[in-house]
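A.B. asks: So the protein sequences, as listed, match chains A and B. Be aware that the first sequence starts at 1, since it is given in the working numbering, and climbs by one per residue. Be aware that the second sequence starts at 1001, since it is given in the working numbering, and climbs by one per residue.
Certain hints may be false.
To be verified - Under the rule of at most 16 Å between Cα atoms (straight-line distance), these lysine to aspartate or glutamate pairs were calculated in the EDC-like manner:
id: 1; chain 1: A; residue 1: Lys330; chain 2: B; residue 2: Glu1271
id: 2; chain 1: A; residue 1: Lys134; chain 2: B; residue 2: Asp1141
id: 3; chain 1: B; residue 1: Lys1153; chain 2: A; residue 2: Asp141
id: 4; chain 1: B; residue 1: Lys1159; chain 2: A; residue 2: Glu259
id: 5; chain 1: B; residue 1: Lys1159; chain 2: A; residue 2: Glu157
id: 6; chain 1: B; residue 1: Lys1022; chain 2: B; residue 2: Asp1249
id: 7; chain 1: A; residue 1: Lys159; chain 2: B; residue 2: Glu1136
id: 8; chain 1: B; residue 1: Lys1159; chain 2: B; residue 2: Asp1171
id: 9; chain 1: A; residue 1: Lys241; chain 2: B; residue 2: Glu1259
id: 10; chain 1: A; residue 1: Lys153; chain 2: B; residue 2: Asp1141
id: 11; chain 1: B; residue 1: Lys1134; chain 2: A; residue 2: Asp142
id: 12; chain 1: B; residue 1: Lys1134; chain 2: A; residue 2: Asp141
id: 13; chain 1: A; residue 1: Lys153; chain 2: B; residue 2: Glu1157
id: 14; chain 1: A; residue 1: Lys241; chain 2: B; residue 2: Asp1249
id: 15; chain 1: A; residue 1: Lys159; chain 2: B; residue 2: Glu1157
id: 16; chain 1: A; residue 1: Lys241; chain 2: B; residue 2: Glu1253
id: 17; chain 1: A; residue 1: Lys250; chain 2: B; residue 2: Asp1141
id: 18; chain 1: B; residue 1: Lys1159; chain 2: A; residue 2: Asp103
id: 19; chain 1: B; residue 1: Lys1067; chain 2: B; residue 2: Asp1262
id: 20; chain 1: B; residue 1: Lys1153; chain 2: A; residue 2: Glu259
id: 21; chain 1: A; residue 1: Lys134; chain 2: B; residue 2: Glu1048
id: 22; chain 1: B; residue 1: Lys1241; chain 2: A; residue 2: Asp315
id: 23; chain 1: B; residue 1: Lys1241; chain 2: A; residue 2: Asp141
id: 24; chain 1: A; residue 1: Lys80; chain 2: A; residue 2: Glu301
id: 25; chain 1: A; residue 1: Lys159; chain 2: B; residue 2: Asp1103
id: 26; chain 1: B; residue 1: Lys1330; chain 2: A; residue 2: Glu164
id: 27; chain 1: B; residue 1: Lys1080; chain 2: B; residue 2: Glu1015
id: 28; chain 1: B; residue 1: Lys1250; chain 2: A; residue 2: Asp249
id: 29; chain 1: B; residue 1: Lys1241; chain 2: A; residue 2: Glu157
id: 30; chain 1: A; residue 1: Lys11; chain 2: A; residue 2: Glu54
What the hints assert, rightly or not - In silico contact screen, one side only, chain B against chain A (beta carbon under 7 Å); selected entries:
id: 31; residue: Val1135
id: 32; residue: Glu1136
id: 33; residue: Val1137
id: 34; residue: Val1150
Just so you know, these hints were derived from the structure itself, not from any lab. Just so you know, even glycine gets a beta-carbon here, dropped at the ideal spot from N, CA and C.
2 protein chains.
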Amino acid sequence: MLTDRQKDLFKIIVEEYIQSAKPVGSKAICERLNCSSATIRAEMSSLEDLGLLEKTHISSGRIPSEKGYRYYVDNIMEPKKLSGEDMLKLQCIMDNKSLALSDVIERSMEIIAEMTNYTAVILGQSSKDNLVSKVEVIPIDDRNLVAIIVTDKGHVEHKNIYLEGLVSSNDISKTVELINKLIVGTPIDEVSSFLEFKVKPIISNYVQQHEILYNAFYNAFNEFTSNANHVNMAGRVNMLKQPEFSSVDKIREIVSKFEDQDIVNNIRAEENGINIYIGSENNFDDDVTVIKTKYVIDGEEGTIALIGPKRMDYDRVITLLNYITENINK
Amino acid sequence: MLTDRQKDLFKIIVEEYIQSAKPVGSKAICERLNCSSATIRAEMSSLEDLGLLEKTHISSGRIPSEKGYRYYVDNIMEPKKLSGEDMLKLQCIMDNKSLALSDVIERSMEIIAEMTNYTAVILGQSSKDNLVSKVEVIPIDDRNLVAIIVTDKGHVEHKNIYLEGLVSSNDISKTVELINKLIVGTPIDEVSSFLEFKVKPIISNYVQQHEILYNAFYNAFNEFTSNANHVNMAGRVNMLKQPEFSSVDKIREIVSKFEDQDIVNNIRAEENGINIYIGSENNFDDDVTVIKTKYVIDGEEGTIALIGPKRMDYDRVITLLNYITENINK
DNA sequence: TTTAGCACTCGAAAATAAAGAATGCTAAAA
DNA sequence: TTTTAGCATTCTTTATTTTCGAGTGCTAAA
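Generate coordinates for the entire structure from the input sequences, incorporating the hints supplied.
C.D. replies: Okay, structure coming up:
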């Protein structure tokens, strides 16, 4: 257990380092704790023994260790209130009634990325586990249709369909009716195989140009799944400006992770509430912290996340994300 | 006018530099031209006087100047055939019948980005100048609708609509009918103002819950324009690996340009055919070359582009892009 | 017109030096 | 027992110098 003075000291060191990005030396603190630098050094040394602080080299000042950040977040940090300025910027977007909720989130995260100088990630609703609840077709001309697929969670996607031959509108509506009868309730990522095994055998009995129609629909449905995940990022470059990412190789590494769909998708939040993954706790990169939380729109879950250096302004970020999610839920 | 030997020399220097990224000295060439390094030096000097070559410092080897690259592209370069290996990789995607054309383009550009180590940009159809040709509405439940808007060029978008109160299906279809009557033929980015000035005055006479419906549609249409441009990039990190981008500041500059929607959108091709913009000829960055060309799907134009260092493998890139556009047009 | 030879320039990398910020430790002071 | 002053030590950063080699331009001879 830490003494009060150790806690004070630790808090000062972490917050000073978060702000300055430079190892914190003993002299810089002694005024604030009313004691000599030698005393501070002794205390620093014991905090290091506890694994909360580290040195970058043998005679350097101290920086928080990963364990230190974790301890800070769990036990030391005091949640702040949103500053007036921050609130003002966000409120403008929140109050804009003409924006869809998903766009409100996007804009808010853009603003937050800018305010904090971290990188924002928005992972839209994943429709993998959605069930098809309705399929509709809108004719455009002789050869082109638009198929619209609606899921039980209200997710909608559309796809252009090109017919390889002329087909009567009667045949089209028959096919759509059939698809609706057979496919409703199917998970969206299984639709194409359902088409093959349930619709194909039947369609040939009822519909004249069944080959053309079947092929067209099969190809269209085949791709609904792939477009499902909507990923958005803002402020990629912000994080690259942080002093911890000032080597060419590190920057390239981060940029290449930003670009990797799988890695970014992996940020999707699993747990409820705001979760903080420091360094090796996250799957993105050992040198960063990922803070993420779920949001729900129309029953579909999405994730918003901020990626920054481990030396993140934790309480501010948490306050901001809280504010967003609270407002979304209204 | 250049002598034959000057042309040969120039070609060798440019291609050597494209390949090695290191200034080319006189000694390295003398074997290939059967003369001494002193002779090469004299010729290099005159090519420099013509503005085709540059030195990085007073006693360095030569590199092509911007004007030199331009001359190389216009007069020296001989178009290559696609290598068997390159063709094989692309053919796999082209032949995949289950892919929509736009996805074929996307995948192909991903492959090309990987093969060349440059960055690919795909700017999908811009719907700014599309005219609305049809509006449809699909009810999902009591409170939710999906509006689908189809343009004269076959572009389709959809938007979820949430009704702030209960509205009869009759009212909804009346409204849609009205919208269709009044709005068809309007440019898509003017729809919301048309709604306000043409539909609003009339709707109140015919429809019960006109306020709710009007607001819902107004908000939905308001955003069709913003989602119009589909931008996709592949291999962002590739270009950052090129030796000319090995300073932290330059990398940050490029990444931040990649992130800027306006700058990226500005890449959209204006002219027909494959166009090459070297260094200051492009609006992206003086240190890069942008090669771009239009493609057409269903009457809508898009752009594919490759961004690389000025020291680009011009003939290979041109061959690749040619191959893509030719195959798309079939 | 071409070539050999030579002085010269410059960049990249390695070596050296100097300044400064912190530390740990020890012994004295509180 | 705790705190502090003092000091040698360690290590980073920055600047300076040195060295090495690649490449050039020029001149005079082939």
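A.B. asks: Now tell me, hint by hint, if it's right for this structure.
C.D. replies: Tested hints:
Under the criterion of a C-alpha separation no larger than 16 Å, the hint pairing Lys330(A) with Glu1271(B) is inconsistent with the structure, at around 49 Å. For the given pair, Lys134(A) sits about 11 Å from Asp1141(B) by alpha-carbon distance, which is consistent with the 16 Å threshold. A threshold of 16 Å between alpha carbons decides the hint, and for Lys1153(B) with Asp141(A) the separation of about 11 Å falls inside it, so the pair holds. With a CA separation close to 28 Å, the supplied pair Lys1159(B) and Glu259(A) exceeds the 16 Å bound.
The straight-line distance between the Cα atoms of Lys1159(B) and Glu157(A) is roughly 9 Å, inside the 16 Å bound, and the hint therefore holds. Under the criterion of a C-alpha separation no larger than 16 Å, the hint pairing Lys1022(B) with Asp1249(B) is inconsistent with the structure, at around 21 Å. Between Lys159(A) and Glu1136(B) the CA atoms are separated by roughly 15 Å; this keeps the pair inside 16 Å, and the hint holds. For the suggested pair Lys1159(B) and Asp1171(B), the alpha carbons sit about 19 Å apart, so the restraint of at most 16 Å is broken.
At roughly 14 Å between alpha-carbon atoms, Lys241(A) and Glu1259(B) fall within 16 Å of each other, so this suggested pair holds. Proximity of Lys153(A) to Asp1141(B) is assessed by CA-CA distance (about 11 Å); at most 16 Å being required, the pair is judged to hold. Of the supplied pair hints, the one linking Lys1134(B) and Asp142(A) holds, its CA atoms being roughly 15 Å apart against a limit of 16 Å. Simply put, Lys1134(B) and Asp141(A) have alpha-carbon atoms about 11 Å apart, close enough for the 16 Å limit, and the pair holds.
For the suggested pair Lys153(A) and Glu1157(B), the alpha carbons sit about 19 Å apart, so the restraint of at most 16 Å is broken. Taking the CA atoms of Lys241(A) and Asp1249(B), the gap is near 9 Å; set against the 16 Å cutoff, the hint holds. For the suggested pair Lys159(A) and Glu1157(B), the alpha carbons sit about 9 Å apart, so the restraint of at most 16 Å is met. Only pairs whose Cα atoms come within 16 Å are accepted, and Lys241(A) paired with Glu1253(B) is accepted, the gap being roughly 10 Å.
A distance of roughly 50 Å separates the Cα atoms of Lys250(A) and Asp1141(B); the hinted pair therefore is violated under the 16 Å criterion. Taking the CA atoms of Lys1159(B) and Asp103(A), the gap is about 12 Å. The hint holds against a cut of 16 Å. Pair hint Lys1067(B) plus Asp1262(B) does not hold up; C-alpha atoms about 28 Å apart against a cutoff of 16 Å. As the CA atoms of Lys1153(B) and Glu259(A) are separated by approximately 32 Å, the hinted pair breaks the 16 Å bound.
For a cut-off of 16 Å, the pair hint linking Lys134(A) to Glu1048(B) is broken: about 69 Å separates their Cα positions. Under the criterion of a C-alpha separation no larger than 16 Å, the hint pairing Lys1241(B) with Asp315(A) is inconsistent with the structure, at around 36 Å. Distance restraint check for Lys1241(B) and Asp141(A): the Cα-Cα separation of roughly 47 Å exceeds the 16 Å cut-off, and the hinted pair is therefore not satisfied. In summary, the hint linking Lys80(A) to Glu301(A) is not supported, as the alpha carbons are separated by about 27 Å, beyond the 16 Å threshold.
For the given pair, Lys159(A) sits about 12 Å from Asp1103(B) by alpha-carbon distance, which is consistent with the 16 Å threshold. Using a Cα cut-off of 16 Å, the hinted pair Lys1330(B) and Glu164(A) holds, with the two alpha carbons roughly 14 Å apart. Pair hint Lys1080(B) plus Glu1015(B) holds up; C-alpha atoms about 13 Å apart against a cutoff of 16 Å. Annotation: proposed proximity of Lys1250(B) to Asp249(A) holds, straight-line Cα distance about 13 Å (limit 16 Å).
Restraint check: the Cα-Cα separation between Lys1241(B) and Glu157(A) comes to about 37 Å, which exceeds 16 Å; the hinted pair is violated. Between Lys11(A) and Glu54(A) the alpha-carbon distance is near 14 Å, which keeps this suggested pair within the 16 Å criterion. Hint status for Val1135(B): violated, given a least beta-carbon distance of 10 Å to chain A, over 7 Å. Annotation: Glu1136(B) was flagged as interfacial toward chain A, and the flag holds, the nearest CB pair being 5 Å apart, inside 7 Å.
The restraint placing Val1137(B) at the interface with chain A is violated, with a minimum CB-CB distance near 10 Å, outside the 7 Å limit. Given hint, Val1150(B) at the interface with chain A, holds; its Cβ is 6 Å from that chain's nearest Cβ, closer than 7 Å.
Hint violations for this structure: numbers 1, 4, 6, 8, 13, 17, 19, 20, 21, 22, 23, 24, 29, 31 and 33, all remaining hints satisfied.
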